[in-house]
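*Asks:* Given chain A, put chain B in place with the hints provided.
Just so you know, the protein sequences line up as chains A and B, in that order.
To convert, note that position 52 of the first sequence is 52 in our numbering; the numbers rise steadily by one, no gaps.
To convert, note that position 64 of the second sequence is 160 in our numbering; the numbers rise steadily by one, no gaps.
Among the hints, a few may not be true.
Quick list of in silico lysine-lysine cross-link-like pairs, DSSO-like style, CA-CA up to 27 angstroms [unchecked claim]:
1) B:LYS364 to A:LYS23
2) B:LYS266 to A:LYS67
3) A:LYS70 to B:LYS149
4) A:LYS79 to B:LYS355
5) A:LYS6 to B:LYS445
6) B:LYS275 to B:LYS488
7) B:LYS364 to A:LYS79
8) B:LYS193 to B:LYS488
9) A:LYS70 to B:LYS266
10) A:LYS70 to B:LYS146
11) B:LYS98 to B:LYS181
12) B:LYS364 to A:LYS10
13) B:LYS311 to B:LYS433
14) B:LYS355 to A:LYS70
15) B:LYS275 to A:LYS67
16) A:LYS10 to B:LYS445
17) A:LYS14 to B:LYS445
18) B:LYS445 to A:LYS23
19) A:LYS14 to B:LYS364
20) B:LYS355 to A:LYS14
21) A:LYS79 to B:LYS103
22) B:LYS146 to A:LYS67
23) B:LYS248 to B:LYS181
24) B:LYS287 to B:LYS488
25) B:LYS445 to B:LYS181
26) A:LYS79 to B:LYS266
Note that these hints are calculated values from the structure, not bench results.
Predicted, not measured: the structure shown is a model, and the values here were computed from it.
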Amino acid sequence: MLITDKESFKRLQKLNQLALTEKEETDVLAFFTARNEDITALGAVDTENVERMVHVMPMETVVREDKEIKLFTRDELQKSAPESYEGYWQVPRLVE
Amino acid sequence: MKLYLAKNENVTSPAVVLDDMILTSDLPTTGGSMMLDNYMSLFGADIIEKLTKAGYAIAGKANVGEFGIDLVGETSYYGAVTDDKGNLSSASAELVKSGDVLAAIGLDVNGAGRRAAAMNGLVYVKPTYGTVSRYGTIPAACSGETVSVSAKTVSDCKAVLASIVGHDDKDGTSLPEEKCELVKTSAASLKKVAVIKSLTKDIDADTAAKLDAVKASLTAAGVTVEEIDCDVLAYAKTAWGILMCAELCNNVSRYDGVKYGHRSENYKTIGELYTNSRTEAFGELTKTAILYGSETLSDDNYMPVYDKSLRIRRVIIEAFASLHAEYDAVIIPASSKAAYTEADINANKYISFDEALYTAPASISGLPSVVAGGVQLIGKAFSENTLFEAAKIIEEGK
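Isolated chain A, as found in the complex (with noise of 0.2 angstroms):
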């Protein structure tokens, strides 16, 4: 079941660098509480014996010829940076 408790919501944002103000916490803890029942629901379909689908059509590995292809240099790529220095992608000092 999805978790419904603010410490372990806290963790949660954590894990994925997001910080709710208190009103959308109560809005999100609510529409987790939500879909547990949806959840529980599903419990009602049998899956005992039922094999997990990933992809909706049979995929085949495609094993391809080595080819060099050079798509973009690393001047387009910085391009849209939002901050670069010679060369690097720049970000705040990691370690004082």
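*Replies:* Structure of chain B alone, referenced to chain A:
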């Protein structure tokens, strides 16, 4: 109210508009999210090349709900779209309806396009999963999302779909060319259809009237219409909600404010940079979906919730196989109401999860779905021509 988020000037007809979930290298792509405000992709989607080759011009990018998971597009960072009566609508549906473009191409993640088409009397096709390349679309829920087409007429919808169907080496889920071709070449066979009664009991009077009109048109054309029950299809709503959010949670983990996308101005540490960038830039529904998806993948929930949903996907596909052994198409509404207003969202901001009752069966199964006359017809894989034949009858019966 923004219909276009970016526009090409001096476009000659016939022109199509792309939902802003589809990457373009000459226009910004946002996914309806502040996270990607002004984002310029280095490459365009595979389908753009195919559309251009077929002679269609790209009119621009249509406003969409954030990552396509909402009701009809109301969660866009750039604002919701309403029609001339004040009902919620989608930008692409309004552009098609007004004749500004011949067709719209979208990414069907959670049925928003199908609902908008049903509300606006448009024809819409979500083709068989894997027959149209998803290369160059913003990934949200990869195991079920499908590039889709909406237009005013069946013939336009069919022609635009035919131009984008085909294998693409760059999409790992793209089917072989001979399979993709079946979308265009399979013979139509429309003799008997089934209306799923259990999915019609909570619809409003206007939607019920549309359903009755569709049944009457098909019956008048000599198609046998039967009403049957198939209770298991209702479980697609919860199962697809779980799979969609689990996939979305992973797909949007790339947005951290480092390589591209929104970066908060309020941070001192790398942790604050990640958290504040994501918290500021994602809308409320997306944050809810991320947390829901993440929780379903937790150690405690992985087997009883996520894995269970993957098994239910197989149960639903097998249920459809049984139905399609007897019926050429299965008819269900595309939504419970013929129109939605902001009041509906204010009353229930998670309404898209509830309305997925009608759209999730086709999403979770990857089966083709055509919207016509305000209702949805679901066929077996590669049976688009059969569904278009039904849509043509419905169109002529108006």
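*Asks:* Could you run down the list of hints and mark each one as holding or not?
*Replies:* Here's how the hints hold up against the structure:
1. B:LYS364 to A:LYS23: holds (26 angstroms)
2. B:LYS266 to A:LYS67: Holds. LYS266 of chain B to LYS67 of chain A sits at ~13 angstroms (cutoff 27 angstroms).
3. A:LYS70 to B:LYS149: Cα-Cα ~24 angstroms, so holds.
4. A:LYS79 to B:LYS355: Roughly 9 angstroms separates the two Cα atoms, so the pair holds.
5. A:LYS6 to B:LYS445: holds (21 angstroms)
6. B:LYS275 to B:LYS488: holds (24 angstroms)
7. B:LYS364 to A:LYS79: Judged against 27 angstroms, a Cα distance of about 24 angstroms means the pair holds.
8. B:LYS193 to B:LYS488: At roughly 18 angstroms apart (the allowed maximum being 27 angstroms), LYS488 of chain B and LYS193 of chain B satisfy the hint.
9. A:LYS70 to B:LYS266: holds (14 angstroms)
10. A:LYS70 to B:LYS146: Satisfied, since the Cα-Cα distance of roughly 22 angstroms is no more than 27 angstroms.
11. B:LYS98 to B:LYS181: With Cα atoms ~16 angstroms apart, LYS98 of chain B and LYS181 of chain B stay inside 27 angstroms; holds.
12. B:LYS364 to A:LYS10: Status holds; Cα separation ~21 angstroms.
13. B:LYS311 to B:LYS433: Between LYS311 of chain B and LYS433 of chain B the Cα gap is close to 18 angstroms, so the pair holds against 27 angstroms.
14. B:LYS355 to A:LYS70: Within the cut-off at roughly 19 angstroms; holds.
15. B:LYS275 to A:LYS67: holds (26 angstroms)
16. A:LYS10 to B:LYS445: holds (22 angstroms)
17. A:LYS14 to B:LYS445: OK: LYS14 of chain A and LYS445 of chain B at ~23 angstroms, within 27 angstroms.
18. B:LYS445 to A:LYS23: holds (13 angstroms)
19. A:LYS14 to B:LYS364: Cα-Cα ~17 angstroms, so holds.
20. B:LYS355 to A:LYS14: holds (21 angstroms)
21. A:LYS79 to B:LYS103: holds (22 angstroms)
22. B:LYS146 to A:LYS67: holds (24 angstroms)
23. B:LYS248 to B:LYS181: holds (19 angstroms)
24. B:LYS287 to B:LYS488: This hinted pair holds, its Cα atoms lying about 14 angstroms apart.
25. B:LYS445 to B:LYS181: Since the Cα atoms of LYS445 of chain B and LYS181 of chain B sit roughly 21 angstroms apart, the hinted pair holds (cutoff 27 angstroms).
26. A:LYS79 to B:LYS266: Holds - the C-alpha atoms of LYS266 of chain B and LYS79 of chain A are around 23 angstroms apart, at most 27 angstroms.
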